[in-house]
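*Asks:* Chains as they are written, first to last, in this note's numbering: chain A, 1 to 490; chain B, 491 to 1271.
No wet-lab data here; the hints were simulated from the structure. Be a bit skeptical, because a hint or two may be false.
What the hints assert, rightly or not - As a list, the in silico BS3-like pairs of lysine-lysine whose alpha-carbon atoms are at most 30 angstroms apart:
| id | chain 1 | residue 1 | chain 2 | residue 2 |
| --- | --- | --- | --- | --- |
| 1 | B | LYS539 | B | LYS577 |
| 2 | B | LYS1043 | B | LYS1010 |
| 3 | B | LYS882 | A | LYS464 |
| 4 | A | LYS200 | B | LYS769 |
| 5 | B | LYS757 | B | LYS539 |
| 6 | B | LYS713 | B | LYS769 |
| 7 | B | LYS769 | A | LYS243 |
| 8 | A | LYS423 | A | LYS464 |
| 9 | A | LYS464 | B | LYS1043 |
| 10 | A | LYS464 | B | LYS925 |
| 11 | B | LYS539 | B | LYS925 |
| 12 | B | LYS713 | B | LYS1010 |
| 13 | A | LYS365 | A | LYS428 |
| 14 | A | LYS423 | A | LYS365 |
| 15 | B | LYS577 | B | LYS713 |
| 16 | A | LYS428 | B | LYS1267 |
| 17 | B | LYS925 | B | LYS888 |
| 18 | B | LYS539 | B | LYS725 |
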Amino acid sequence: MQFLLNQTPITLTEFAPDMTLLEYLRTERVQTGTKEGCASGDCGACTVVIAEPLNGMLHYRSINACITYLGAVENCQVITVEGLSPNRSELHPVQQAMVEQHGSQCGFCTPGFVMSLFALMHQPKQHESTGASIAERINTALGGNLCRCTGYRPIIDAAQQILTHQTDDQFDLNASNTLKQLHAFISDLQPKVPALSDQKFFASPTSINLLLQLLAEHPDARLVAGATDLALETTQQLHFLPKLIYTGNVQELRQIEISEQQITLGAAVTYSEAEAVLIDHFPAINGLLHRLGSLQVRNQGTIGGNIANASPIGDMPPVLLALNATLTLRSVEGVRELPIDQFFVDYRQTALAPGECIESITLPKLSTDSFLRIYKLSKRLDDDISAVCFAIHLNVHNGLIQSARLGLGGMAATPARAHHAEKSLIGKPITPEGIYEAQQALALDFTPLSDVRASANYRLLSAKNLLMRAVLEYTQPRSLEVMHYAHFDG
Amino acid sequence: MRTLTDSSHTLSLSDHHQPGKVGHSVAHESGHQHVTGSARYVDDLPEPKGVLFAAIVGSRIAKGRIRSMDLSAVMTAPDVIDVLTLKDVPGHTDIGPVFPGDPVLTSDQIRYAGQPIALVAARTEKAARKAALLAQIEYQEVASNLDAEQALSRQHFLRPSHRMQRGQCDQALKSAPLTLSATQHVGGQEHLYLEGQVSMAIPGEEGEMMIFTSSQHPTEVQKLVAEVLGIPFSKVTVDMRRMGGGFGGKETQAAPWACLAALMAAKTGLPVKLRLPRKDDMVMTGKRHPFVNRYHIGFDQQGQILAADIEVIGNGGHSPDLTDAIVDRAMFHADNAYYLPQVDIRGHRVATDTVSHTAFRGFGGPQGMMIIERAMDDIARVIGCDPLDIRKRNLYGKGRDVTPYHQTVEYQTLTRLIDQLEVSSHYRSRRVKIKDWNHTSPILKRGLALTPVKFGISFTLQHLNQAGALIHIYTDGSIQLNHGGTEMGQGLHTKVSQIVATTLGVDLDNIRITATRTDKVPNTSPTAASSGTDLNGKAAENAALILKQRLSKFLADQQSVPVTEIRFENNRVSWNTEDSISFAELVQQAYVARISLSATGFYRTPKIWYDRDKAQGRPFFYFANGAAVSEVIVDTLTGEYRVLRTDILHDVGRSLNPAIDIGQIEGGFIQGMGWLTTEELVWNDQGQLLSNSPATYKIPAISDTPPVFNVQLFEQENDEETVYHSKAVGEPPFMLAISVWSALRDAISSISDYQISPDLDTPATPERVLFAVEKIKGGRS
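Model the full assembly from the supplied sequences, consistent with the hints where possible.
*Replies:* What follows is the structure, encoded as structure tokens:
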């Protein structure tokens, strides 16, 4: 494989399939500027930036090097903190801003912040016109970087300085050259198909047929997309994953199609890639998407991955359940469609057959009488796993609920619908009195657990109350979520 | 919608012209290295030839005994070089820092989950960690107890209980017109320094051992390494350039990993690095002590306290560690800023079956303050007035100025500070608006609170209040500075360099501060208790003054002028208004004249004493003060909340570096807010820590910073003779976050029209807030 490490072209003929990018940087390259804080993608100390060609330009995104497999950066430019300064005496503007604003104390998280700031500075210009304020952009860009010393204020000031005094840096000036180099890598690309006898490999198929063929030949291989969950088996459980098949270069899995009736997302589309389309068609998902993992995780994590790993606390499945999504599953045997509520079989178990993968997810568009609310409860606003995730999708006509789909996460061994509660909503007025029965019925639908995130009592009570909040929000214009009051002016 | 922090500060008190002098907001001395990734932490150092990587085999049970242990699979795992167990320890096996109780490894009794049993060394880190999983250990498990109140009822104490008394509390309580009592549970806190625990040991000649570690207390690492190896202290050298955060978590609990690395290095004769994976770090190291506090107070119709009976119970885990001093400091701060005319404070140190809890910013002070701040809010609800009025009525003042430990509060700084903050934060008008708003908002409720901090500065163990420094001037005029304090991000090295630069009248660039090393400045105290600059700054100033005096005398003699005419300014030394030479030139001449250009400095804090048997004295040289106003909004359907605005006014005396001081204030506040809100330690019934990663333990992230965050320094010199009349700043701002907790209680109380003062144990997670709301709703209906 080939890639650029900062400005240096690297060619690797052999590497351990489950070597992480962080391990490679620190151990193989002895570039120790990128730090390990947690090795689980939760602190951002290892943040590096990936640059890739997209529509003739370089597209930059921040990722956690600790949970990225080395093989996933093929044909990319990997930019690390060591690569930012144009020369030994000069600092890059983001580095300069961090020093001037006193943005570092112990300094251990600093390289990660610097890289997230660098990615923010290089956000495509269209991000500036999405209506997000500078403040929102900063919090979104840095929500996955933990600092234990500063309390963040000086880092926010540094970010503001960068966004308000934006100039071209040497990466902009060198962009055409970088693009040329990356394109040369891509045209060099030989599809590397591991042999039947290979016992360890990181395979990177470029088509769905190749992927399915590999999967058929190596039923013991693991599919890896964003790796934001799978890589924890490597870094936390120390499992050796000898055979990995990477979905990121399978073009068919990266498509987004919008038709009159529905939206189809390829299984390897990342959250960041899907964000604009999802928010456009389902505005209620906005809040959730900004709190689902961190930006680094959303830049890597895929919707297909979130479904396939069938975690009871994934945030996308409740939404997909409420929206009545359909999954397209494919294997060498053929293709089939499955409503998502038949996909989750048991704790971390799915309806996927051996050799089968998720190809795409299809979401019917909302109808004019649709009322959608999506709530996420967690201890912390940024980058936290839900205690309860609740997606409420009602069709309301003349104040009466015609249909209801309630998807919940964190309430059972799998993401699940609340069938009893749904039934008791039908035909009821959308009022606090009208939903009383449904609130009670949630206790029939779920017997949640107590764990590190919340108690069973809290989960059940807050789920009931979230149904109430949806109803209250139906009748009043302003959201009742406290996070909307962060800049309270009243 | 996410919004941005909008801040305003006063960066004043900087009346000097020469950049780099004290009073200037000089950037952190390592700022440039931090942002380029060139700042080296222990794991970034070049690895010496033959280095081995170590991993720990930890206990899977919390309490019981090891029945049998088979490490053969570990030993034969790929790339494994050696395995070390208790029998391989040549010297002391107990590394308790103050009192015994901390075995470096165990082969028999298990006292907490994760307790180290063996150490594996391999050629790669991954190989060592994988091999450690192969240990076959059979345990005989017994039931563990993690409950402090149960430990108290069973009289399971780590150290004897202690009592502070003044007056006749019992009688005064009986005759008080109004009384209240309450119990609160205050949670612990994981340090979550971004750089985890790490040490590298390199064996030298004749049994010497060189240690690179991330520790707040290199001298103690030196002592303990020497003791486990059974060699004199003089054969061990500890080097500590910087930590990626400490917060107290590397005061005593960095040493075990250095000891283990050194033991393995001694056994194999090879360099050994031991870096804990984050999960091991969180499981195997102690936390801030969880506390259970109780009060029984008597007060008059105006809400002024007449008598206070307070009990604080610190949960120390399995061993004493620093628990004795931590519970003492909780007791020293159970009054916070308030005069308690008749008072009886008792502090207990209970043993439970967890990792040994340890120092954490504030060192028990925050836990002690929580009980009296709760009392202030509770009194206000009974009297029916604003909690701020109750706080002001109870502040220390003239004739009401003696603490429960009989130290007099000499200066009434807080009275003026609170008045100023009350005005600048528009507390009163916002209070009215918030009450009105709450009447119109059935679901969302806002809360407001102002809480003060009075924090005692000095180690309460008197002998720790000393420091040393070493300054070399080289013949090119460049200066190398070393002192006993450690840099953990707090800006200590920057401030001490500024002090020396100011004293010698040279540019900051001319001063090179080097790694803290036990062979440069010996017998140091930990960098703790907020004392880093107070102690080491004074010691460095002392060394600089000695050198300045030598150079002055030399120049005065040479020019035949009185020594008092010699001035050091702007890299030059003058002997009258016209004549001067450069600092470097003077140094060269002095060298040729055989004047010593190296000096050690020393400092010990004056005035302090404490008779613990009587619980009387002056344990603190002075008090650092501050106050914060926080406003929150609470969702009564889910218990979620946001901090909307915080205003802080904090007393750092005369600031040595306003930017660094504000950084400490803001960072301390946010860390304190995390402790009281989202940071929840959860153990299961088997004594296993469930919140063992940053995925499950949530420290504040960027959106938690209040969108309006006004931090100002209270401009006033320290009345005591501290270094440039500055004040310590590391710990005190942490407790400003109590304002957030109090504001949450205020918001919840609004549901009862401020009639009920809700219980709200900490951390006040959304879950605890929702149940507090439900309790009030239930009580009302």
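*Asks:* Hints broken by the structure, by number, lowest first?
*Replies:* 3, 9, 11 and 17
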